[in-house]
Structure formats: C-alpha cells, structure tokens
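Visitor: Each chain is listed here by its residues.
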Amino acid sequence: MSASDRRVREVFIELSDTLVDDFDIIEFLDRLAARCSELLDVSACGILLADHHGALNLVAASTEQARLVELAQLQNHEGPCLDAYATGHPVQHSDLSAPGQPWPRFSAAAVEAGYLSVQALPMRLRDSVLGAVNLLSEAAGRPLTDDTIALGQALADAATIGIVHQRAQVRQEIVTEQLQSALNSRILIEQAKGFLTHSLGVGVDEAFGALRAYARTNNRRLTDVANDVVEGRLTLPTRSDAPPA
Amino acid sequence: MGAGLSMTRDGGVLEPLLATDPVVGELDELQFSLGEGPSCDAMALGSPVLGSDLAGVAAGRRWPAFASAATERGVRGLFVFPVGAGAAKLGVLSVYRRQAGPLRPAQATDGLVFADAVFVLSLDHRHGISADLDEVIDTAFTARRAEVHQAAGLVAAQQSISVTNALARLRAHAYSSGLPLHRIAAAVMAGSLRLDSDHDGQMKEED
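Sequence lines, in order, name chains A and B.
By the numbering used here, the letter at position 27 of the first sequence is numbered 261, and the numbering carries on one by one without gaps.
By the numbering used here, the letter at position 51 of the second sequence is numbered 56, and the numbering carries on one by one without gaps.
For the record, the hints were derived by calculation from the structure and aren't laboratory data.
Certain hints may be false.
To be verified - Quick list of simulated restraints, FRET-style, between CB atoms:
| hint | chain 1 | residue 1 | chain 2 | residue 2 | range |
| --- | --- | --- | --- | --- | --- |
| 1 | A | Asp381 | B | Ala60 | 49 to 57 angstroms |
| 2 | B | Glu77 | A | Arg339 | 52 to 60 angstroms |
| 3 | A | Pro471 | B | Pro185 | 35 to 43 angstroms |
| 4 | B | Ala63 | A | Pro333 | 34 to 42 angstroms |
Every residue gets a Cβ at the ideal spot worked out from N, C-alpha and C, and that includes glycine.
Working from the sequences, and respecting the hints, build out all of it.
Guide: Dropping the structure here:
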C-alpha cells in the first residue's frame with residue numbers, strides 16, 4: 235500500500251469516527267473539506283447545499299476565505315456547482331483563463347481570486363441531488379484523473395451520508411430535517427463570526443478560527459459555542475496565533 | 006386539517022398566536038404546557054420536525070403524552086417549521102393533518118417558504134414596515150445569505166442587542182434606503198456603514 239493509499243484509509247476511518255461521536259455537522263463538513271483539498275491535491279474545497287429556495291449555500295470550506303463565499307454566491311446564477319447540482323454529474327474545467335468560457339462571470343471571478351481550474355462533484359442521494367462539492371486549483375491544465383475523481387466522489391458521498399446522518403433507507407422527511415439543520419447550523423456560525431469580528435476586532439476568517447479553536451480545545455460542538463457567543467454567554471479569548479486570512 | 010402559528014418574545018416561552026381550527030389551538034397549547042412535542046423540538050433544534058404518524062412507535066417514544074393526546078383527538082400528522090434563522094428564533098408554524106403519512110416534497114418546501122415569509126414579516130413588524138408580498142418573499146430568499154447573518158452578528162455585538170433585533174434593524178435599513186439587504190450587509194461588514202442605535206434605520210457614513 236502506498237503512502238497516499240494509507241492516508242486515504244486514515245481519512246475514511248477518521249470520517250466514520252466522526253459519525254459515531256457527538257455529531258457536529260459543520261465540524262464534520264469542515265474537516266471533510268480540508269481532507270478533500272489535501273487528498274485530491276487542490277487549493278480549496280467548498281461544500282454547497284441547496285436550500286428550499288433552490289439556492290446553493292456554502293456550508294463548509296477548506297479555507298474560510300471570503301472569496302470562496304463570493305464564488306459560491308455567484309454560482310446561484312452560473313458555474314460548475316450549479317451545473318453539477320442541476321445535472322447530477324461531475325463537471326470540470328481545466329483552464330478558466332482560456333477564451334470561450336461556459337461560465338464567463340464565474341470564470342472571471344475565479345481567475346481574479348487566483349483559481350485556474352475547477353471541478354464540481356454532485357452530492358447525490360439516490361435519485362435526488364442535495365448539493366455539490368467544489369474543488370478549485372491554482373494550477374491550470376491539470377484535469378483530475380479518473381481515479382482522483384472517483385476518490386472525490388467517494389468523499390462527496392461521505393458528505394451526503396454525514397448530512398443525512400445514516401446510510402440506508404432514508405425517508406425523505408429525515409433528509410429535509412437534516413438538510414435544514416445543516417443549513418441552519420451554518421447560519422448560526424455566520425452570526426457568531428460577525429459577532430466576533432466586532433468583539434475581538436478581527437476579520438471573519440480569524441473569527442471563525444477563534445470559534446473553532448475554542449470548540450476543539452474545550453471539546454464542545456461548534457454550533458453550541460456559536461450559540462453561546464451570540465447570546466452573550468461566552469467571551470472568547472483573542473488568538474495571537476491565528477492563521478493569516 | 007389546519008395550521009397554527011406560535012411565537013415567542015425574545016427567545017422565551019412559545020405562545021399560540023393563531024390557529025385555523027379549535028383543535029389546532031388546543032394541541033399547540035398542549036405542547037407548550039407539556040413541554041413536549043414536535044413544535045418544542047423544532048424550536049429547540051432550529052430545523053423542521055416532520056411527524057408523519059403520531060400513532061406510530063417512534064412518535065410515541067419521542068412525545069409520549071402529546072402523541073397520545075393528539076391521537077385521541079383524531080390527529081395523526083404534525084409538521085412543524087421553525088420561524089427563524091440561527092440564533093434568531095421567533096416561533097414555529099405548525100401544520101396538522103388527520104391522516105398519517107409524509108408530506109410530499111413540494112408540500113414540505115411550501116411549509117419552509119411560508120415560515121420564511123412569516124420570519125421576514127415579523128422582523129418588519131418590529132419597525133412598522135409593511136412591504137408587499139413580492140418583496141417579503143424576495144427578502145426571505147436573500148435573508149439566508151452568509152453576509153446577512155455575519156452583519157446581524159456584528160450589529161448585535163456592536164449595539165448589545167439580540168441577533169433578532171439586529172436582523173430587524175438591517176432589514177429596516179434596507180427597506181428605507183431601497184437597497185437590497187445583502188448590499189447593506191456587505192457595507193456593514195466592510196465597515197463603511199454603521200447602523201446608528203439612536204436613530205433606527207438612519208445611516209452614518211464613515212470615512
């Protein structure tokens with residue numbers, strides 16, 4: 235077994251561990267996004283879920299960069315994730331700076347943010363599509379190999395299982411409940427991030443870093459910590475070692 | 006068979022506000038006095054709770070007293086949609102049915118959209134705004150965007166108010182200025198707009 239095969243195994247074991255613990259959907263998806271970007275060797279990974287208005291919402295990202303969010307917002311009008319979500323099939327583009335782009339506005343914004351190639355994988359559950367996983371690379375002209383896409387799809391399926399929180403015979407009602415719960419958890423995290431930008435005097439990325447560091451150090455669910463923060467029940471320490479935005 | 010709307014004042018106890026049928030009102034009330042039922046769970050979880058068979062084993066285990074009371078009154082289905090977003094929890098919309106069985110996906114979506122519309126209407130009510138329905142639905146849609154919630158959190162911290170009141174203030178400003186909510190939110194996050202606590206809906210341009 236090669237080193238990377240071993241790493242893939244470790245990641246899937248880590249992800250299945252998360253499923254049996256006291257489960258925090260945002261923490262799980264965030265970890266998944268980070269592992270996707272590592273294993274698939276891409277620069278950034280975002281996980282987008284469709285809400286009941288049919289809009290794609292970014293629920294987790296390997297890096298909390300504002301530009302990722304902006305790209306995600308744009309994808310409600312055009313882009314690979316929207317196509318992957320609409321068709322249920324993987325979509326990829328290996329040179330976003332080449333002429334004749336299928337999504338001119340998305341491509342221009344992605345290139346400006348430093349991303350030159352993109353892959354989007356649908357998050358499928360039987361015959362429905364819940365959202366998409368977005369993979370962005372700073373390098374152009376490197377289409378993912380079939381093996382890598384298969385691995386990416388396995389990770390996207392892991393995300394779907396994480397959201398629905400069970401594997402087999404899922405009733406539609408449970409899917410609706412869990413999907414809405416994930417979307418609502420993300421809203422709570424965004425509120426806490428905004429709150430902390432003011433109370434700690436930091437940027438949104440660092441605010442999320444502080445939230446996550448506190449949750450991990452104190453072994454608490456990210457959403458519970460976020461709730462305590464916005465309700466004014468918890469004051470977080472400023473982190474001097476926060477990673478740069 | 007009918008629907009009910011229960012709301013809370015600043016995150017406290019739920020109070021039944023509207024019911025289209027006396028049994029709906031009675032069962033909404035009963036959940037809050039028992040402290041158990043799909044409405045209580047939806048409020049606590051912030052996600053919908055879709056009880057498709059109150060006479061079933063799962064419902065009996067989850068809400069023993071309420072499930073038997075509902076079944077005795079000939080009610081088998083209760084589908085509850087939270088009115089709120091994140092920490093801003095305003096109440097729940099409850100939809101009752103006499104037959105058992107799940108909602109169709111389109112019906113569940115309708116429930117979620119109605120609950121979002123009630124959310125925006127209640128926020129607007131705090132500032133005496135009466136927007137037309139198209140605008141309310143449009144706002145309900147954009148009100149789910151990340152920057153709107155970041156801005157609500159920022160305003161809550163800055164003015165020492167609840168996230169609910171911060172959202173209402175953002176919405177009031179968007180309404181009075183005629184600018185879209187997400188643009189107001191982006192300006193708040195960028196620090197180029199500060200909502201003044203003394204003059205609701207007034208704006209101070211900084212630098």
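Visitor: Evaluate each hint against the coordinates.
Guide: Hints, one by one, checked against the model:
1. Asp381/A to Ala60/B: 49 to 57 angstroms: 51 angstroms Cβ-Cβ, so the 49 to 57 angstroms window holds.
2. Glu77/B to Arg339/A: 52 to 60 angstroms: holds (58 angstroms)
3. Pro471/A to Pro185/B: 35 to 43 angstroms: At roughly 36 angstroms between Cβ atoms, proline 185/B and proline 471/A fall inside 35 to 43 angstroms, so the hint holds.
4. Ala63/B to Pro333/A: 34 to 42 angstroms: violated (57 angstroms)
The structure is inconsistent with hint 4 alone, although it conforms to all the rest.
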